[in-house]
Structures are given as structure tokens and as C-alpha cells.
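Protein sequence lines correspond, in order, to chains A and B.
Position 3 of the first sequence, counting from 1, maps to 2 under numbering that gives the first Met the number 0, and the rest follow consecutively.
Position 54 of the second sequence, counting from 1, maps to 53 under numbering that gives the first Met the number 0, and the rest follow consecutively.
The set of hints was computed from the structure by calculation and includes no laboratory data.
Don't be surprised by glycine CBs; every beta carbon is placed ideally from N, CA and C.
Please note that the accuracy of each hint is not assured.
Ranges of calculated distance between the beta carbons of each label pair, as one might list FRET restraints [what the hints assert, rightly or not]: (1) A:A116 <-> B:D62: 33 to 39 Å; (2) A:A105 <-> B:K105: 44 to 50 Å; (3) A:G103 <-> B:L101: 48 to 54 Å; (4) A:G86 <-> B:K105: 45 to 51 Å; (5) A:A29 <-> B:D63: 28 to 34 Å; (6) A:A116 <-> B:A33: 18 to 24 Å; (7) B:R115 <-> A:R101: 38 to 44 Å.
Here are the simulated DSSO-like pairs of lysine-lysine, each with C-alpha atoms no more than 30 Å apart in a straight line [what the hints assert, rightly or not]: (8) B:K9 <-> A:K1; (9) A:K65 <-> A:K1; (10) B:K9 <-> A:K73; (11) B:K56 <-> B:K105; (12) A:K47 <-> A:K73; (13) A:K9 <-> A:K73.
Listed here are the chains, written in short residue letters.
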Amino acid sequence: MKSYLFVLRKPLHSGACVQEMLDIILTAAAFDQPVSLLLLDDAVFHLKQGQQPAGIGMRDTAAMFKVLELYDVKAVYIEAESLHERGLVVQDLFLPVRPVGRAGIAALIATFDVVFAG
Amino acid sequence: MFLTPRFTMKFAIQVNASPYQSDAGRLAYRFILAVLAQGHEVFRVFFYHDGIYHAFKYAVPPDDECAYPALWSALAAQHHIDLVVCISAAQRRGLLSAGESLRQGKRDDDLAEGFRISGLGQLVEATLLADRFIVFG
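Work out the full structure: start from the sequences and follow the hints.
This is the structure in C-alpha cells:
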């Protein structure tokens, strides 16, 4: 068994990247491996409440993040500064998250066996 | 000539960028050669995201440019490396093997020699089996 961290940095609907990362996340979780996520930069918008992607003909990726809990995803970490710089607070998000300060990000990443960056 | 390292490691590699999007694929290829030259093992390369464009058999670059699919095919044949293309990433981008296109009711045969199409389970399995898992792109 290995621990997995998936680092997302891109905003919603930026190509197929996030969709395809979610597919790896769900596959790793289906292998019964401990999986965590870290959202940095514009990736914090993924968890913002009140998304209406149908209006621009895009897939509802928020729905995919909501099923992560069913897959036993252990933790969703979010960089506190990324959130703050975009005028967001944790109450704006639809998933429970663990805020981590920018200074603590490297130490957090170092605790995982396998890191996927996207 | 191969050097004999004090210990050998098993490497798995992931390639995420297309040949003309960045040099990630070329760096991965050269990294693999370096790893093999040190006597380590590379057992699988997984092509994901736009990395699947490395597997198109009918890519025809000009003669004085690098033909990546052929490079990978030769590498796989010479060193018995498992080249796996993610099925969902490939289907999104129109890369279909002969068998896959038959199942989809289409006529196509895009997969270069030495590559195979499979699922993300092969990627996760590779990360579990590897001593080192390196992502390019």
C-alpha cells in the first residue's frame, strides 16, 4: 500500500486535464489506496458552491468532486493563500477541506509516497 | 556498455504531453535511456492526457524531424518495456486500435507497434510496483 497525493492547480473547464486527473483519483481509490487531494492556485474554484456549467455546455465536474467522499478519499487539502487571494473562504466551498498555509505545502507533499501533479 | 549499479531499481514512467506540445516526451525517452544505461529496470511507460499522441502510427513528420512513435516502438522492442496508452484518453482524442475501432463500429488502426491500449488500473498498478514513479509533462 502507498499513500497518494493529487495536486490540482488548474481552474475548471481548462481542457480535459482535471477530468482525467479525477479518473486517476477514482482509480487509485478503487485500488483501496489512501488518496488525498491538494488544491492550489485556480484549482480552489473547483469546490465553489453554486456552479452552473450547463449554461456554457460543460460537464458538471463539481458532481465528480462530491463523489470523492463515497470513495473514501482521506483528505482534501487547500492552500489557504490561494483561497484568500481569490476572495474565497471555506464557507464558499461545498466540501469539507483542510486549509494549509503556503509555508507548509512542501512538508505536506513530502509525507506522501506517490505524488501526481496536474 | 552497461554499468553495474550497487542496487537496481524498478522505474515506471508517465508521459502527459504530446510530441509537439513540449519536450516532455523527448525528456522521458532520454531519461529512460539513462536509467537503462545505469542498469536499472523500466517496466512500463504509461501515456496519458495529450501524451497519447506519441502512439499514433500514421504520424508522418518531415524526414529531418524526430518520429516519436517509431522511437518508442524500437525502445519497447529492444528493452521489453510495456508501453500502455490509456483507453479513455485515447478515445477522446481519436486514437483507436484495430480491435477498439471494431468494437466502436468505426474503421481505424492507429496504434503504433509495441504500444497497447488499456485502462488506468495499469497506471495505478505501475505506481504500486515501482521503486520510482516519474511523471513527464
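Could you tell me which of the numbered hints above are not met by this structure, giving the numbers in increasing order? The structure breaks only hint 5.
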